[in-house]
Amino acid sequence: MRQIAVTFALAAVVMFLTPVSAFAKPNVQLRLSGVLVTQSSDGQETTTSLEKVTPKKGELYRYTVIASNVGTDPAFKVVTKENVPNGTAFVGGSASKSRGVVIEYSLDGKTWSAKPMVSVATPKGLVRRPADPSAYASIRWIAPKVAPKSALTFTYEVRVK
Amino acid sequence: MKLLRIVLALAVFASSVTVGVTTQSPQPAQAAQTAPNTTIQNTASATYTDANNVTYTTQSNTVTTLVGNAPTLTVTTNNGASAGTSTVAPGQIVTDTYTLTNTGNAAGHFQLTASGVSGAGNDNANTSTVQYIFNATTYASLALLNTALNAASATAVNGTITIGVQYTLSATPTNVPGAVTTGMTGNVTYAAVGGASAQTSATANNTYTDTVQSDARLDLQKTSSQGGSSPYDITYTIKANDGGNFPAKALSAALNNALGFPNSLGCAIIVDKVPTYGGNSPVINGTPAITATAGTNGYPASGTTTAVYYTTNATGAAGWTTVKPGNPVFVAVFETVTSGTTCLNTNAGSAAGSVPAPAITLSFVVPQPAGPGSGNAGAYLNIANGLVGDNQPTEHILGPGIPSNTNDAGGSAGVVTTGGQGFENVTSENGPSGASQITSDKAHQAAAVLNGPTAATYSLANLQTSSAWTGSYDGVVTTNTTNDFTEASLTPAAFTSINSGTVAGTPNGNTYSTTSTVNVANALYNSGNVDDSFTVVATAPTGGWTVQLYPDNPGHTAPGAAAYAGCTSAAATCTTTIALTSGQAIQYWAVYVSPSGQQSFVRKDGNIVATSVADVAQSNTTHNEIYSGFIVLTKSVTVTSNGCPSGVTPPVGGACPGGVLTYSVDYRNIAVPGNGTEVANPALFLITKPGTLIVSEDGAAIGNTWAANTNGLNAAATDTPGTGGPWTSTYTTNTAASTAFTCIVGGAAFQLQAGWNGVISFAVTIK
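If you read the sequences in order, they're chains A and B. Per my numbering: the first sequence = residues 1 to 161. Per my numbering: the second sequence = residues 1 to 767.
These are calculated hints, taken from the structure and not from any lab test. A hint or two may mislead.
Unchecked claim - Only pairs whose alpha carbons sit at most 20 Å apart, straight line, appear in this in silico SDA-like list of lysine to any residue:
{"no.": "1", "chain 1": "A", "residue 1": "Lys-57", "chain 2": "B", "residue 2": "Ser-197"}
{"no.": "2", "chain 1": "A", "residue 1": "Lys-57", "chain 2": "B", "residue 2": "Val-157"}
{"no.": "3", "chain 1": "A", "residue 1": "Lys-56", "chain 2": "B", "residue 2": "Ala-198"}
{"no.": "4", "chain 1": "A", "residue 1": "Lys-110", "chain 2": "B", "residue 2": "Thr-57"}
{"no.": "5", "chain 1": "A", "residue 1": "Lys-77", "chain 2": "B", "residue 2": "Gly-378"}
Unchecked claim - Example chain B residues on the side facing chain A (calculated, C-beta under 7 Å, incomplete):
{"no.": "6", "residue": "Ala-70"}
{"no.": "7", "residue": "Thr-74"}
{"no.": "8", "residue": "Gly-279"}
As the structure is a computational prediction, the values presented were derived from the model and not from experiment. Backbone N, C-alpha and C fix where the C-beta goes; we use that ideal spot for every residue, glycine too.
Please model the entire structure based on the sequences and the hints provided.
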């Protein structure tokens, strides 16, 4: 019994000290980047890394997250989540779409829906209507599978408040 | 195997407690913009499972951005982001209010880089006293204002301040309508905070275009109409309207009270000085009528009342009452404002003297003017005036002739009743507000003329009277002003008129050997009510007489130096035109010349007809009755006893020595005395001067032999007055045996008037 206990402890230590990838086949890694998007009068789009800008109201930021499976086995139910940064507002319709990938939004980070609803008080009582996308607090992409050595790219845009 | 399950379970446990990393911010976000020195961080997270349904979590790198100062502002007007607009009046103190909003992400201080009256307004040059109002304080310059802005608390995000650009528009701007433009350009500065450096925004600006329009303008239109038949009353109608661009404001209660109107806000919208003629104010027939419909044509929908007021005060400075006096000097419409401050709202479409859609109408009726000249154009000249208040911060009186910027407050009645101002304005459409055109009316034209004798004493009144005297020039025709007459007599110089006739009253005169002239004064009176000219036709007596017409000499004693045009040559008839104002009477002269060979003791009729040019149906005739001698002596003898011896028959009409002859000398004034119904013109009959009718009888004079052949007067001669008598004559040497005597008929003061006669008798005995 004592031996079992020691083994359990060791196993736990090993589990915590050893990277999951060391013994788990899928290994999804995320890479996030952001750019300031500006558009010239002729419609030409220019991007500047967010590391080099000072936010100004109204500026459009585009964030890109790349989920790469560098493991040897497929990753399933890959849920990539982003919170809309404080000081910005989500730009409706800006979330990128991929085949088989479900996009959901959350107003509170807890409940998710493809089209979050809110209750609005009207003279006729509370009315349920779609929430303004600028009120979205979070966004997530749910991909059923990411094959080994492959990656998914997701983008969305926010505007500086 | 058991170990593996435990490990897996722990792994699952571990993954389930590893929550996705969320986006974080070290500082709370502001409601609007992100405050400077805020970091925006972003991290992605993901979960996934493997083929064994083991859940894994992962997260990305963190992207961090530092929020800096981002100052921005907006400058808005009363039209929001668009340029401001307002309508301003001459003389107005105008404040264009700009709102500066801090639209950036931090509190900041505004500064103005350029503000004030600027731009292309064509009345910009007509402004003065440009200053700035911030926090209820006025700053005379932009520099002072900026100092105050810097000293004030920073304006929070989305906070606003208001700044007024104030200017005074000239009371007489060059362009009305015109425009004044103002502008405001400013920025906002945020102080450095943490890693966010101090920043000043780009400038923002906005403008106002203030349209310069005339202030309230009380337009008055006055018309008159006259009845087409007696009594020819005149109806005046005055229409009032605010044709300006601002409401006509009520004048102060103090002013109204000082004038005698109600002690209330209100306006003397229509003040009409009742037309006068000859200095007399007429009555106003009936009750003047006011027409004003609430909510129509600018008349307020509520809160006002109107009433007719009158005063007999000569200038309208006091005594206004709603009780109509007998002869009001003024009649007015006073509008009492019981709610609000507006007498009239604007109602476009009118102008001074033209009010097609009146807010208020007053009409009243007066009799036509009367008296000389009342038929002349302009006998009744009448203008309506009115007072309202303007829209300046300190209200002024808008009224004809009232100096610009005359304050309403204080309420001095004098300013609106001074000659030429306000109620006393007499200038048509005087100034921008409150005067009507001048109506011109007159009495129904009634031309008339009187042509007649002149007065004994020259004066206008006497001429007017004498021209109206009536007469019957030959004693037969009707007595009226057309048959009136003036008797005159002429004889050549040194000519002795001799009557060879034997029947008293039927003389047979000798004839003139030369021409003779007589001047007859007449009076011509324009008795109509209109200035007129008169065609005057003089006709000389028949038989070679001539006539000319002359104006009076300065002393009114003889014809003037030159005859009237048309009568400059002696002729049987002449025509001239004499212009006389209504009521004017003149004396003029007819100069008659009798021909050589004119028999004495003859009455000749010359007439003069004056006809109105204005109305040819109006004419009047006078007759000048010219006598070639008017005192006729007719001598006869009666053989009282022939003195012949018995059986001796004397020759017919003869007598014998001792016979007594009785002589009778009939003396008479042969001038026609009219028919006895003449009025007021006895002086125009021929009459002897006092004591000048002296009948001399000399028995030894040429033609007489009774002195030699008789014993002289048997007794003193006697005078027996006939028509016109009695009178008592006086004599000289009128005693028995006298062969000559004189008889002063009637005595020294006696005058023998037309138609009078008497007989002097004396008897002698043939030697």
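Hints, verified against the model:
1. A hinted pair counts as satisfied when its Cα atoms are at most 20 Å apart, and Lys-57/A with Ser-197/B qualifies at roughly 16 Å.
2. A C-alpha spacing of about 12 Å is found between Lys-57/A and Val-157/B, which places the hinted pair at or below 20 Å, so the restraint holds.
3. Among the hinted pairs, Lys-56/A with Ala-198/B is consistent with the structure: their alpha-carbon atoms are about 14 Å apart, no more than 20 Å.
4. At roughly 17 Å between alpha-carbon atoms, Lys-110/A and Thr-57/B fall within 20 Å of each other, so this suggested pair holds.
5. Using a Cα cut-off of 20 Å, the hinted pair Lys-77/A and Gly-378/B is violated, with the two alpha carbons roughly 109 Å apart.
6. Interface restraint check for Ala-70/B: the shortest CB-CB distance to chain A comes to about 4 Å, inside 7 Å, so the restraint holds.
7. Because the closest C-beta pair between Thr-74/B and chain A is about 13 Å apart, greater than 7 Å, the hint is violated.
8. Annotation: interface hint on Gly-279/B violated; nearest CB of chain A at approximately 77 Å, more than 7 Å.
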